[in-house]
Each structure stands twice: as C-alpha cells, then as structure tokens.
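**Q** Protein sequence lines, in the order shown, are assigned to chains A and B.
By this note's numbering, the letter at position 125 of the first sequence is numbered 512, and the numbering carries on one by one without gaps.
By this note's numbering, the letter at position 152 of the second sequence is numbered 155, and the numbering carries on one by one without gaps.
The set of hints was computed from the structure by calculation and includes no laboratory data.
Virtual Cβ for every residue (Gly too), placed ideally from N, Cα, C.
Keep in mind that a hint or two might mislead.
To be verified - Sample of chain A residues with no beta-carbon within 12 Å of chain B, all distances over it, derived:
{"hint": "1", "residue": "Ser554"}
{"hint": "2", "residue": "Ala900"}
{"hint": "3", "residue": "Trp917"}
Claimed, not checked - Which bits of chain B does chain A cover? Going by a derived footprint, with three or more residues having C-beta under 8 Å, they are:
{"hint": "4", "region": "12 to 26"}
{"hint": "5", "region": "96 to 102"}
Stated by the list, open to error - Partial chain A-side listing against chain B, Cβ under 10 Å, derived:
{"hint": "6", "residue": "Ser530"}
{"hint": "7", "residue": "Gly610"}
{"hint": "8", "residue": "Phe633"}
{"hint": "9", "residue": "Glu670"}
{"hint": "10", "residue": "Thr741"}
{"hint": "11", "residue": "Gly791"}
{"hint": "12", "residue": "Arg824"}
{"hint": "13", "residue": "Tyr899"}
{"hint": "14", "residue": "Glu1059"}
{"hint": "15", "residue": "Met1062"}
{"hint": "16", "residue": "Thr1082"}
{"hint": "17", "residue": "Trp1086"}
{"hint": "18", "residue": "Val1097"}
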Amino acid sequence: MNTSNGIPKQIVEVLITHRRAFLKSAGLLVVSFATGAGAQEQKGPYPDPDYRQLDSWIVIHENNTATFYVGKTDLGQGTGTGFRQLMSDELDIAFERTACIMGSTDITVDQGGSGGSTAMERDAWPMRRAAAEARRVLLEMASARLGAPADQLAVSDAVISAKGDPSKRVTYGELVAGKKFNVTLTGANVNAATGIARVKPVQELKYTGQSPLRDDIPAKVDGSMKWAVGVTLPGMVHARNVKPPFAGARLTGIDESSVRNLPGFLKVVSKRNYVAVVCEREEQAVRAARQLKTTWEKPATAPFPKSEDLFKYMRAAEPTSASKPIVVGKPDEAFAGAARIVEAEYEIPFQGHTAFAGAHGTADPSNGQMTVYSNDMKAYSLRTGIAAFLGMPREKVRVLWMQGPQGFGRTAAEEAGFEAAWIAREIGRPVRVQWMRDEETAWDTKGPAFLVKARGGLDAQGQLTAYEYSARSCDYNHVGYNEPDTVLIAQLMGSRRAYPAGGSSSMPSEMYAIPNRRMSGEVVGLPLVWETPLRTGNLRDPNGPQSTFAAESFIDELAAAAKADPLEFRMKMLTAAATDDSGFKRARSIAVLKAVAEAYGWDARPSPRPLGTGNILTGRGIAYSFRGQTVVAQIAEVEVNRQTGHVWARRLVCAHDCGLVVNPTSLRRTIECAMLHSLSRAIHEEVQFDTEKVTSVDWISHPTLRHTDVPAAIDVVLVNGDPNPDRPDLPPYGGGEAACKPMLAAVANAIYDATGVRLRRVPFRDARVLAALKEARV
Amino acid sequence: MSKITLKVNGSAHSLDIEPATPLLYILRNDLGLEGPRFGCGLGQCGACTVIVNGAAVRSCILPASSVKGEITTLEGLSSKGRLHPLQQAWIDEQVPQCGFCQNGQILTAKAMLDKNPHPTDAQIRESMNATLCRCMTYYRVQAAIKRAAKVMADVQPASGKQAVA
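Start from the sequences and build out the full structure, keeping to the hints where you can.
**A** As structure tokens, this is what we get:
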C-alpha cells in the first residue's frame, strides 16, 4: 500500500488527483518523507509524528516546492486551502508551489482533526509558527552558503538573495537538498508548538485575505477524487450491519441458514446485540443483511415516548442534572415591579445529523497492524479509540483520513471505522463497512431536543428590565469523541459506563445589557439510556440553533409587546452598556447588526406589519448571536402561503465578523451553506419515533432542504471593518458554525412579521404553519 | 449469473453478473468508477446518478442487466482533457463543500441542459429538486448552472437564433 517515498499510496493518489499540476513540478513521488524512513516502516508500527520536530510540519523538495503536513481534516469548507495560504505566507513561497496533507495519524501530527470551528482560530497558529521557523532556518542556511549576514538577505518566493547583489542567490530547494531540517520546536503541547521566529504582521501577508481556488474542488467535479468510501484493497470483503428492529432489544437468535446459500456469503459475525454479515461483494452483503433471520426480545419498558409526546414527557421528567443559574441584579424584584410581563415557551425536536451517505470505513489487518481508511473528522481519536477497543497498542493502529460526506459532527463519534476494524480482526481480511440509509437516519447521533421557557418584564417605557431563560434539553446520553466504551458497537456489545455523559443545556449568546436576569439549564434523560438511536452527539454548532431560536424569538416577542422596531429594541440593549470584552464583542455585535440592516434595507417599524390581503404574506425577521468571538446577524425575508401554510425564505442576508478572513470566497460559501443548513432545520427537520423505534428512516421521513426551497437571493457581508479605531488587528476566529445560530429565529420572526402568528415549535412545516394560521384566523 | 455488456464512457465492458445487481455496484466495484456514489440506495438523493441515453437515472435502483444504452458517468463528462462547461462553472463558482453529492448535481444539470438549453430559474429549481445536498450548496449549484448555460449558449448559438439569422 505504500509508495517508495513512504507516503501511503492512498494519500499519494489523493495528491495526484487533487494537484496534478503541482505534482508535475513537485517531484513529490521521489522525495522521502522526513519523519518516516521509507516503505519498510510503513508496515508498522506507526509511532506518533513529533510535533516538536519542524520536519513533521514541512518538507522542502529539491525542485523548490513544499509540502505541509497538518493534523486537521477538511470537511468541505476549504480549510486545507486556507492552511496553505497562511503557511505559504509565513514560509515566503508561492502558494502554487505548495501542497497540504491532512489527517493521517502516522504522518501528520495530532491536532485532533476537525471540530469546534477551530481550524483557523486555534490550529493554524502552530502551522504558521512552524512555517515562519522554517523560513528563519532557511535564511540562516543561506547566510552560511552566501557568506552574507541574514539581515542582509531578502526572500522572495522561496529564493533567497543578497540585498544589493542579486547574483548571490540560492533557492530553498537547493539549501535543503532532500535533507531534513533537524530543528526542534518548543511548546508544552501541539497548540503551543513554536520556533524562535515570529509570525508576520497581518499587513505583510500576501495570500491570506485572497481567494485562491480551493484545491480539492477540481477532483470533486471531474470524478477523480479518491474518497474514503471508494477504498479497495486486495482481498477486501464487504460487511453490512443488522440493527435491532426495536430500540433496546436483546438478540435471542440468529438463523444463519437463512443466508448460508446466498451467493458470496462468508460469515455472520456477532457479539451480544451487534450483528453483521460479511460477503465477497457489496451487493451480496446488502442482500444478506436484509435476508438474515434474527430474533429479538423487546425491552420490558418502552425506550422512549413517541415523538408527538416528547415535550409533554420532557416537561414532566425529573432532571438528571442542572447547571447553577446565572443571576445578574435582582430579577425577582424587577419582575415584581414590571409594568408588563411576557412569557413564552419554545420547542425544538431532535434533529438528525443525517449525513448524505451512511457511516463507512475500511480496515486492513495486514502485518499484525490495523490500518483504517475513514472520513472521520477526528482521525486521531478514532485511532486511539479503535486501539483501545481492540486492545491493541496505539502504535499498531493508524487512521488515514480521506474525503467523505459532510456529517456536521456525526463523524466525531464514528462507528463504521470501529466496526470495520473489529470485523477485520475477526475474519483476518480487509473489510469495508457502510451503513444503509435507514440505518444512518434512524441510528446516527441526534442533535438534542430543547424545551425553553422565557419570561421578560418590561417597564412602562417598554424597556426590558427583567429577563429569565430556563432551558431543558433531552441530552442525557451524549456520545463523546470516538470513545471505545460509548461508540454504538461497544454499547451493543455490552459496554456500560457508570454514568452516561450528561450533555448540556445552552444559554443564549448575546451581549444585551439587561439589568436583571436569571438563566438556567437542565438536562433530562429518556427511559432507554444505552443502545438507543436517540443518543445525542454534537450537531454543528451544538445546541446553538436551539437556544438561539428560543432566545432571539423571545427578544422579538418583547419588542412586539413594547411596540418597538425589533432592530432598535436590540440596539438599545447593546448600547446600554459601554463595557466590552477583549475581543470587542459588544462593538462588533453593534457593527454586524448595523451592517445586516444596511445590506437588507431595513425600515424601522414594529412587527407584525399590517396583515396583507393576498394569498402570499411577506415579512422580515432579524436575529443575532455569537459563537466564541464570531458575531453574526441575519435577516430572513419570507413568503407565507395562506392557503397551504408553506414558508419560503426568499431572501437571506448575513453580516458576519470572524476577525481576520483567510479566504473570503471559501468563507462566503461556508456561511451561505450554514444559513441554508439552519433554514433546513427551521422548516423541515425533525426526528420522528414511536414507542419502539425511530421511524425517520430516509429523505421522505426526515426531509431536508431542496432546490425549490432555496432563496432567490443570499447576501453575505463580511464585517471585518474596525468599529473602534483603537482596536488592534483581530486574529482569525471560527467560521464554520456561527452562521448556523440565528437563522431559526430569523425565520420565525419573519413569519410573525408577515402573519402576526408566533411559531414556537420547530420545524415550520406546512401543516403546522397552516394550523397556526387557521387558529389565529389569518 | 449472466453475461452482459455495458457501454460506459465510450468503452464496452463484458461482465458476468447477477442480473438484478444494481448498476451502481458494477460501476464502482467492477469498473472502478468513483463518480457515482451510494447515498441512499432508494433513488431519493441522486448521489448515484449516471446518464443513460441522455437521461439522468439513479444507478442505485437500476438493475445492471436492464441497461441497454450508452452510460456516461462523471468521469466521462470531460472530453480530451477539457472540462465540460458545467464542470468549469462548478470550479468558477466554487460550488462544492464536501462534494459527495456533486456527481448527482452536475449530471442532473447536464441532462436538463441537453433537453432545455435555456432554462428559467423556476425550471432549474424544479428539474433539480430531487437531487439533494446536505451541505446545502443549492444556491451555488443554481448559479453555476446558469453560468454554464450561458457559456454553452455562447459557444453554440441556439438553433432558434440561427433560424432567425
């Protein structure tokens, strides 16, 4: 599986297909990888690359090109291209002469993979510092070679020359000449890794802030991309799972004779409640898994209420945990003195990750090691998890990350990789596992359901003087990152922790100055805790869309009660305090709200607008939030069909400030798609279940956004201007998730503006909207 | 098992297969084509789309033995190293996120434009409506289709225009 350079063949193929033009000049295939000593070592074991070695991050090739090795994965938002921009800038090399390899645990340092929108905010820093250090070391080498002090040398596109004597020149490739740097970095952990050199001030960055085309896109449109799902190995066979037909069921029997005579049948593998069928060919495994006769015993008590009764259940349930309330001022006294009290309750159901294709992984047990090909966003914890699950030393396991369908956090708790590795060891052959559609939709991890109560007290002037937010999430059995004892296969095999991960109930994220407030969160569980299809996991911007739907809908309700313009009502609360945090979040919140209103052409007036007379009612809604230091304001303009209840968001506007923007086009695309993802959650998505099983099993029963739902116009304003002249340059903050946050509330507020009807239950499917309109006689 | 011949991207392949095997598995696992992909196996999402006799079809539910015509996959869309205008438009608009669905988006758009070179916005949305994307790249997909349609019209003037001229 390895080429002569020691880089796994799959990775080289990815490089070849991504970057044919680069490879023509790069000579990558004949350059030995710095931290591995060639093909022999690639048979394993696979020790961790050392983040303290500069050679682990950067390889300079003799033809004066560079390859960057980073411990990240790119889920389709262009982070790989972004890393190349930042590192090319620090190294002083043309962007076109670089390549980036990501997420293979044996050749890239452990930066954890992806998650939390940390690619540019946190993980790009050690990459930049390593590139800056490489530049410094190269200057030192050139100084010795050219006989000139380093400060008398200039660098331009990987060529170092003496100032005043351009004939004295040497390229990076000539200086390194196929050797290693052998330079040790410092830093207590990978995030702190650094050399002596400092990174450049933002004004000196050349590629950062530009929009070079993403390097993964050509192979994604011409069919040449190598995906994790497409890995084929000599002798590889195919497995498909047989899931319990009822949640919490106990396997009582397997009738292997029901499939023994099927073509290609090899084996049924099973342990406790985990069952899979292995066949020579893929379609044979699909058929055999469907045809295998198994018997199961239902649990004594229902695993969960049916989805229609979920919120009734959540109201009555005893919390499994509660966070300490956050109290500002004297909320009880303020409520007692309020001129008017507004109360509301919001409901957000379970929503699925529903990745576009089922979980998949391929495992190769050759050489007494275990190599797993996976699209797991957290390849490193998958490696550690699989090693522990199989009881193998970590050094004998490696995970090679490859492209796959975006799962929005689904692959942080990857299952197919564990399954493939377990089956591969059972049968001693390479195995490919893929989940079917019904399996993935029903059994993937879920975004927690939320029930939020909010209460506000307005004074006689319509100012918000008292505010209470209390959330209850159904998030008791939250699955962590590739943990060997909580991944579903482990649960099905009987693994139990003393306590499940408790989950959380998020608070609103806003900078409103409200003199008296109380915010609290509780978590409730469902009767079935283990082996449940309703176990929760981190769904893109975990809990942000839920809490922000409630919080920013309620602010809108308060503005309406005060007969105030919803934008002005928010602005007043933002400008009521002068204090700010170190990232100028208050100033930047004000700036994004101003920017979104200006881009939209907001006219100040209270909501709702006077009810229209036609069949189509139109309205606009605004919402704002932040995630970490990234602040976002969004406006949705909707059409509501009075006859059908159908909601179409015909225009979306977003103002977004995530500090330094590395690649504006990539960021814009990510924001557009994040807004539409939350629009999908607003109008379509809900996991449905009866008292035995999840009944959402495909794209009909768990619908998603479609082409006809798409707005006619989406405007994205990247607010990276400076609202404060004294503000220093901001570093890059996260861009992958923040834009998910306000959209549900913006749509609900727009529906209210159009119709005067407040929707407090997600999703706003036609039937629910129509029923609400009828009830309000709209 | 039965012997069939499939014509894929200009080449003929003789295969000995179970007749009911969905075309998708043959294309991927026997012919090594990764353009069509398994998304749902139910014909609901479009990830497995191929073009057969000019129509975009779902290869995950199409028995391989039933296919009589010429099959084009994503790999066969470019010719002589030149990207199809749709593929170029996809790069120019920077459409894909993860890219897993884009096979279906591009080939469904291709079949549509071949039948209707000048689609209205509404026709684009309707024609593409059964082709799903979980990254939600729809807005850019639609922009890229319009861009490609314009490029294709500029290269090959519409027959109507020629008739007027």
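**Q** I'd like to know which numbered hints this structure contradicts. Please list them from smallest to largest.
**A** 6, 8, 13, 16
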